[in-house]
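Peer 1: Got chain A sorted already, so can you dock chains B, C, D and E with the ligands onto it with the hints?
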Amino acid sequence: MPLLEVKGLSAAYGLVPALHRVDFHADPGEVVGILGHNGMGKTTLMRAIMGFVKVTGGEILFDGQSILPASVNARARAGIGLVPQGREIFANLSVEENLQVGIATTGVDIAATVAEVLELFPRLKRLLDRRGGALSGGEQQLLSLARCLCRKPRLMLLDEPTEGIQPSINDEIAETLKVLTARGGITIVLVEQNLDFIAGLAGRVYAISNGVLDRQIPREQLTDPRAVSEFMGFVT
Amino acid sequence: MEKTVARDPGFWIMLAIGLAVMVLAPALLDMFMVLQITQYVVLSVFALSLGYIWGFGGILCFGQAAFFGLGGYTFAVAAISMGDTTVPLILSFLLPAAFGVVLGYFMFYGKLTDVYLGVVTMVVALIFWKLANHTAGPGYSIAGVRLGGFNGIPSIPTINIPGQPDAWLDPSQLFRFFMAVLVAVYIALRLLIASDFGRVSIGIRENETRAALLGYDIRRHKVIVFAIGSGIAGLSGAMWASYQAFIDPNAFSMEMSAKALVWVMAGGVGTLVGPIIGVIGLQWLTLQLGTMELLNSYVVLGAIMMVLVLALPRGLVPTVKVLALTGWTLWHSGRPGTKAAPGKAVGDD
Amino acid sequence: MDYAIVVTLEMIRAVAWLVLLSSGLAIIFGMMRVINFAHGEFLMLGGYTVVVTTNAGVNEWFAILVLAPLVVGLFGVLVERLVIRQLYGRLLDSLLATWGLSMLMIGGVTMIFGNTVQGVATPFGSLRIGGYQIPGYNFVLILFAALILTAVWVVLKFTRAGLIARATMQNPAMAEALGVRTSWVYMATFGIGSAVTGLAGGLLAPLTGVVPTMGASLVGQSFITVITGGAAVITGTLSSATLLGTISQGTTFWAGPVYGDAALLVAALVLLRLLPQGITGRIFKRSL
Amino acid sequence: MTEVQTPDPGYRILRTRGLTMRFGGVTAVDNVDFDLRDGELRCLLGPNGAGKSTFFKCLTGQLVPTGGQVLFKERPITGMNTHEIVNQGIGIKTQVPNVFDGVSVYENVRLSARRKHTAPMAREVAEQTIEKCGITHLIRREVGQLAHGQRQLVELAMVLAASPELILLDEPAAGMTGDERDRLAQLVLTAARSAAVIVVEHDMAFIRQIAKFVTVFNRGAIFREAMIDDIMRDRAVQEIYLGKQADAIA
Amino acid sequence: QTETIKVGGLHDLTGALDMIGIPMNQVFQLAIKEINEAGGLLGRQVEGVIYDPQSNMSLYSQYATQMALRDRVAVVMGGITSASRETIRPIFHRYETLYFYNTQYEGGVCDRNEVTLGTTPAQTVARIIPYAMNLYGKKVYTVAADYNYGHITSAWVKRYVEENGGEVVATEFFPLDVAQFGSTISQIQAAKPDFVCSAMVGSSHLGFYRQWAAAGMKDQIPMISTVLGAGGNDQIMLTPAEGNGILSSFGYFEAVDNPVNKAFLERVKAEYPTNTPVVSEISECTYEGMMIWADAVREAGSIDRDAVRAVIAQGKTYDLPAGQVTIDPQTQHAIRDVYIAELTDQNFVIREAYPQSPPLDTQMVCDLIADPDANVHHEISL
Ligand SMILES: Nc1ncnc2c1ncn2[C@@H]1O[C@H](COP(=O)(O)OP(=O)(O)OP(=O)(O)O)[C@@H](O)[C@H]1O
Ligand SMILES: Nc1ncnc2c1ncn2[C@@H]1O[C@H](COP(=O)(O)OP(=O)(O)OP(=O)(O)O)[C@@H](O)[C@H]1O
Ligand SMILES: [Mg+2]
Ligand SMILES: [Mg+2]
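Residue numbers (the numbering used here), protein chains in the order written: chain A, 2 to 237; chain B, 21 to 369; chain C, 1434 to 1721; chain D, 21 to 270; chain E, 119 to 500.
With the rest of the complex left out, here is chain A (with noise of 0.2 Å):
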C-alpha cells in the first residue's frame, strides 16, 4: 500500500485555481521527485499536502486513510514533515530551540534527538547558540531540514531543499537522504531544480505545469537538461 496516495486534487487560491486534478502515489521508503517551472504550482501541491491550502476536490490518503479533514498539526503528528519554501525559520528563537520546538511535548528524548540529527548536520553544531534569524540563508536551510528531522517523520515533503546551499553540502544531503530512505524508514516528494540532486535520489519524476501534474520523466532523461525542459514546457 502506498504511503501517500493522492487522488484528484485541485486545489485554489480564491476563485483562481492553481491545482487541477492531481495524481500520484509515494510508496514507503521512496523518494518522488517533481519538477516545474516558476509558479506551477510545486509549492501549492506541498503546502495542500501539509493542508495549509484550501483543497476544492479530490482525495489524499495517508497511510491508507484520508487526511484531508484533518489540522495541519494532526497531520504532522500523524508523521508528515514539511520543509517548506522560504525555510520559515522561528527568527527568534536560538538554532536550538528552533530544533527542540517540534519535539518539546512528545516525551522523546529532546537532547539525544536534537544530537543525533545535529550528527546529520555538523555545520550547524557550532551555531546552536545563535539566533536563529541571524543565519546566513543557507544555514537556515539546513536548520529547515534538520527541525524537520528531529520529529523523525514518516513522509518528507521537501520544497527546494537545496536551494542556497553551498555544493559540497548538497552532496552531503543526498547522502543523507539516501540512507535515510534506504533503511525504509522515511518516504520522500521532494520538489526540486536542481537536476543532479534530483537524478540522485528520486526513484520517480513527475512534470507539473500550470497545475496539472501529469507526466512521468524516465529516469534517464534527468541528466539532460533539454529532455527535462521539453516534458516540462518550454518557457514561455
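Please note: incorrect hints may appear among the correct ones.
[As the list claims (entries may be wrong)] Taking lysine-lysine pairs in the DSS-like style, the calculated list, with each CA pair at most 25 Å apart, reads:
hint : chain 1 : residue 1 : chain 2 : residue 2
1    : D       : Lys264    : A       : Lys179
2    : A       : Lys126    : A       : Lys179
3    : E       : Lys257    : E       : Lys276
4    : A       : Lys55     : B       : Lys131
5    : D       : Lys264    : A       : Lys126
6    : A       : Lys126    : C       : Lys1590
7    : D       : Lys93     : D       : Lys264
8    : A       : Lys153    : A       : Lys179
9    : E       : Lys276    : E       : Lys256
10   : E       : Lys336    : E       : Lys380
11   : E       : Lys336    : E       : Lys276
12   : D       : Lys152    : D       : Lys232
These are calculated hints, taken from the structure and not from any lab test.
Peer 2: Using the frame of chain A, we list chains B, C, D and E with the ligands on its own:
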C-alpha cells in the same frame, strides 16, 4: 495602465456627492440636522487624517488626538485673543504639522516602528492630555486666554468671514464651509496619493528595506507624511473647537485617538471614503444609543464593535468592493472552478 | 531617616504595582502579540470577584488568591475561544475587538452590579516606621509581584511550554507543521495571562475599591510598561516597571502626582527613543 | 572626475579596504580588501555562512561595518545611509526577495524606474524591463501572491529598471529550472555590458555560464581570487566548497 | 387630546459620572410622575425627554442642541460638572430654553436663563471650616481634585482657614485618574496637620480614603470633605471602618428632619423599591428644580420661558425636602439651609444646621436685576 485620479469614476462620484450635500443639505434639512451633519463633516476630516497616514503611509498612530487637540487649543487661544478666526485656522494646521515634523523626526530618525511607534504617539497624546488637565490653576494662560484644565476653554468664536470678525457664519454657512474643507482635503489627499510621492509612501508601507534599497529616503518621507496627517488632524481639531464653541482635554484623550482608529478600521484601511463612512455610521449609532436609555449604551456599542471586527475584518468599503468584484466574476464565469480551463496558466491574464 | 525608608518602600511598592498591573498583559502581548485593550476590565473583573464574593461571606484571601484568578482565567479562555481566536496576527483588529469587549464588560458589570459596590477592608493593618505609618498590605503587593514574576520565570525556563508558545507566536503556520496544536497554546496562554491579571485585580481591590470604569486609568500604565519593557516577558516587565516606577514615584514625592505621572510618560518616551524595541529589544536580549 | 571615462587601470568602481563586520563574537566579514573594475562581472562564491550576504549588506549600508572602508567610484561611502549609497548608483537583489507585496508587479518596477527617470520615461522603462525579464504575463498581479521564482524575477526587474552602475545579485538563480536559469544568465550578461556586476550564487551550472574572474570567500575573508577554471581545479576550494561538483566539471 | 409639555433631563447615565447622574435621573422622573399624578400642568401632561450624554462633553453639546431645537422642551434639568454646564449653558441661552443647574459647584454663574439650586462654597465651605477648626485645631492640609472645582474650593478653604486664624500647611492637587496615594499619605504624616480637608472627586479618589484608613491614619488625623456625599453613593462605597467620622457639609442630607422630606423619601422608596437611590443634595435639588418650575408654570399660566422666568425672579420661598428654599432674584441661586453632618456607618448624621444661608460668593459678582442680559461664568477672585 496607471490609474489616474481623473480617470477614476469613484472619485467623481464622491466629489459629486460631496458637492451636492454641500449645496442642498442646508436648504432641505432643518437646523438640527444641519448641525448634526456638520459634526460628521468635522470628524470626517479628523478620520481622513489618520486614514491617510495609516492606510497610505503605513504609520500606525495611536495618538492622533494629540494633533486634534493641539489644533483645537491653538485655534481656541488664537481666535479668542485675536478676535478674527482666519489666521487661527491656518495656525491650527501649521502648528500641529510643525509638531508632527518634530515628533516624526524624533520617531522615524530613531527607527521606531510598529507598536512601539503606536505607543510613543499614544504616550505623547497622554502627556498632552495630562498637561491640559493640569492647567486648572489661574497661572495657566496663553495670550490672556485661560486654559481651564479639565473644564477646558469655553466661548470659542464661530468661524467668521476673513477680516470681518463680527461676520460670523450662521449654522448653514458654517456647514457649507466645513463641507468645502472636507471636499478640499479629500481631493488633496487623492491627488497626493496618486502622485509619485504617494506611491512611494505605499512602497514604504509595503517594504521599507526595498524602498531604501531603491534610494528613497524613508525617514524623511515618513516625516512628511506624518506631518501632513498631523496638520489635517489639527485643522479638524480647530473646526471641532469652533463647532462646539468649547475645547477641553478630552480632545487629547485616548478615547478620541481610539475613535479615529475605529472609524478608519470600520470604514476600511487603505481607502479615503472608508473613514468618512466610519464616522457617519458609528457617530450616528452612539447618538442613537444615548437617546434610548433602555440598555446600557456601553454594552451595545461594545457588542457592535466586536461584531464589526469579526464580521467585517477589512472594513466596510473594501469588503463591499471584494463582494462586488466576486459577484461580478461569478456572474461572468458561471460556477467557480469549472469554467477556467486547466490548460490556461494560473495568473495568465 | 524614617522618611527615607518610607520613600524607598513607596518606590518599591510603586514598582510592584506596575508589575502587578502589567504581568498579565505582558504574557498576552509578549507571547501572542495581542493587545488586550480590555486588560483594565480584566483587572476590574478580578476586583469585582473579590469584592462581591467577600461581601457574600467568602474568606477574603480565598477570594483574592483563588477565586479572582479562576474567574478571570476562565473568562479569558472564553474570550479567546469566541473572539481572539479569529484575530491572531491581526494586531489592530484584536485591539479593536478587545476594546469593544472592554466597553461590553463595563456596561455589563454596571448593569449587573450597578455603579456602587461596597469595598472590602484592606487586610493587615498598618506598620509603624518611626513617625510614619504605612499599610502592611503594601508588603503583600510587593510579595505577590515577586511571586508572579518568579512563577512565570519558572514556567518559561523549566518547561517547554514557553518555547512552544514563543515559536507559535513567531510563526504559527510553521509551528502547526511541526505538530504544535497552536490553538491550545493560544488558549492556554491567554487563559494564564488572564488569570494573572485576575489575581492582580483581586490584589488591588482592597486598596482602591472597585467601580466598573476603573480599568480605563489602569490600562494605559500597564500597556506602556509592557511596551517599554520589550519582547521579554520577565526581564522586560521587571526592568521597565523598576525604571518607570522609581522615576514616577520619585517625582511624585518631589513634585506631586501630576508630575509623577508625566515623568512616567516622558521616561517611557525617552526610553523608547533610545531603545526602539523596548528595553529587552537591546539589552538582556536573550533573557526570558 | 574626468578620469572616470578613461579605462585607467587604477580606477576601480568599488574598493573595500579592511572591511570588517562583527556581530558580537561572530566575525562575518573579516578584513576584506576587494576591488572591482568598471564594467566587470564578478562571481562571488563561498561556503554557507562565509559572509557573502553580509558583505553585500555592508556595501549597501544595510549594515554599518564595524571596521574598514568602502569606496564607490573612489569616494568613501562607509557609514552613509542606505538610500544615499544606493542613489550613487548601486542596485541590489537581496537573498530573500524584498518586494512590495501589496501592489502590482508593474507598480513595483515603476517605482524603481521612477527614481532615475521622468514619469513618462519611467513607465516605458518599467514595461521594457518587465518584458526583458519575461514576466509580462504577470504585470498586473499582486506581487504578494506570486510564486517564489516569480518574485525573484520581479526583484531582478526592479534592480535593472533603475539602471545602476553597480549591480549586486545575491543568489538570483535560486529556485530556477534549467531554461529559466539559462535565460537569467543571458539577462545578467546583458546587464553586465552596461554595469559592473557582482553575483553570489551556489548554482554551479549558472556560474559556469557567466563567470570569468571569481572571488571565493571563506570564513569572512577572501580565500582565492582567480579565473573560474582555476578555481574549479583548486583543491582547497573543492575541499571547502565544491565537493564532488568539481569532478563533474573537470 | 392636548399636546404634552416636554421637559428635558440631561444626566450622565453611563460613563465616569453615572453614579451621580443615575440617581438624579431617577428623582427627575419621580418628580414628573408626581406632577402628572397631581393633574399635570395647565391641563397637559408632562413628558420627560431624557438623553444620556455618557459623561462626554461633545454629547452634552449635541443633546442640548437637540432638546432645544428639535424637541423644543420647556425646561431642562441637568449638567453635573462645571464643564458640562459651561458646555450647555450657552446653547440654552442662545436657543432660549430655560435651564436649571442643580449641582453644588464653585459659584459665579450669572445668567438669567439659568436657575442654580446647588450650594456654593460660601454656603458650605464657609461653615464647615470654622466648625472643624473649632473641633480639631488650626493646622489644615488640603487635598483636592485637579480641576476648576478643586482649585476654587481649595482657594476658599485657604481663605476661610486664614480668616479664622488658622494655617493651610499644604494643598495638593490630584488628577482625577490618580488612584495611588501612598506618597501623599506619607507627606501628610510628615506635615502633622490637625485635620485634613479633602476635595477629592470621583471613583479613583475613593482610594485615598481607603489607603488612608489602611495606613492606620483615620484614628490619628481627622478628615473633613467638601464633596464626599455630594453624589450620593460614595459614602456607601466606603466601609464604616474607612468612612466613619468624616465630616461633610451640604444643603441636603437624607437625615434632614422635616415631614416634607420624610414623605419625599418614602415616595422615592416606593417608586424605586429595589435600586433605591441614596438621595443627596444633587438629586434633591433636581426634584426642587422640577417643583419650582412647575409652580412657576402654574402661576404664569404658560410655559413660555420669559413668563416662567418672571415668576421665578420674584424671589418666592418654597417648602421642600431640604427645608425652606428661596430663590435669590439677584443671582437666581438658592438661599437655603445648610447642614454639617458626620459619616457614621455609611449614613450622614446631621451635627449642625445653618438656616437660610445666602450664596454670598456669587452675590459679590452677579446682579441680574441690574444687568438682566448677563451671560457669564465669573471666576470669583478671592
Ligand atoms: N497566496 C496566493 N494567492 C493567489 N495566487 C497564488 C498564491 N500563492 C501562489 N499563487 C499562484 O499560484 C501559482 C502556483 O504557485 P506556486 O507557489 O505553487 O508555484 P511553484 O511551482 O512553487 O513556483 P516556484 O518554483 O517559483 O516556487 C502561481 O501562479 C502563483 O502566482
Ligand atoms: N546579525 C547577525 N548576528 C550574528 N551572526 C550573524 C548575523 N548575521 C550573519 N551572521 C553570521 O555571519 C555569517 C555570515 O553570514 P552571511 O549571511 O553573510 O553568509 P553567506 O555567505 O551569505 O551564506 P549563504 O551562502 O548561506 O547565504 C553566518 O555564519 C551568520 O550566521
Ligand atoms: Mg515554489
Ligand atoms: Mg547569503
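Peer 1: Please name the hints from earlier in the document that this structure breaks, with their numbers sorted from lowest to highest.
Peer 2: As far as the earlier hints go, 4, 7, 10 are violated by this structure, in ascending order.
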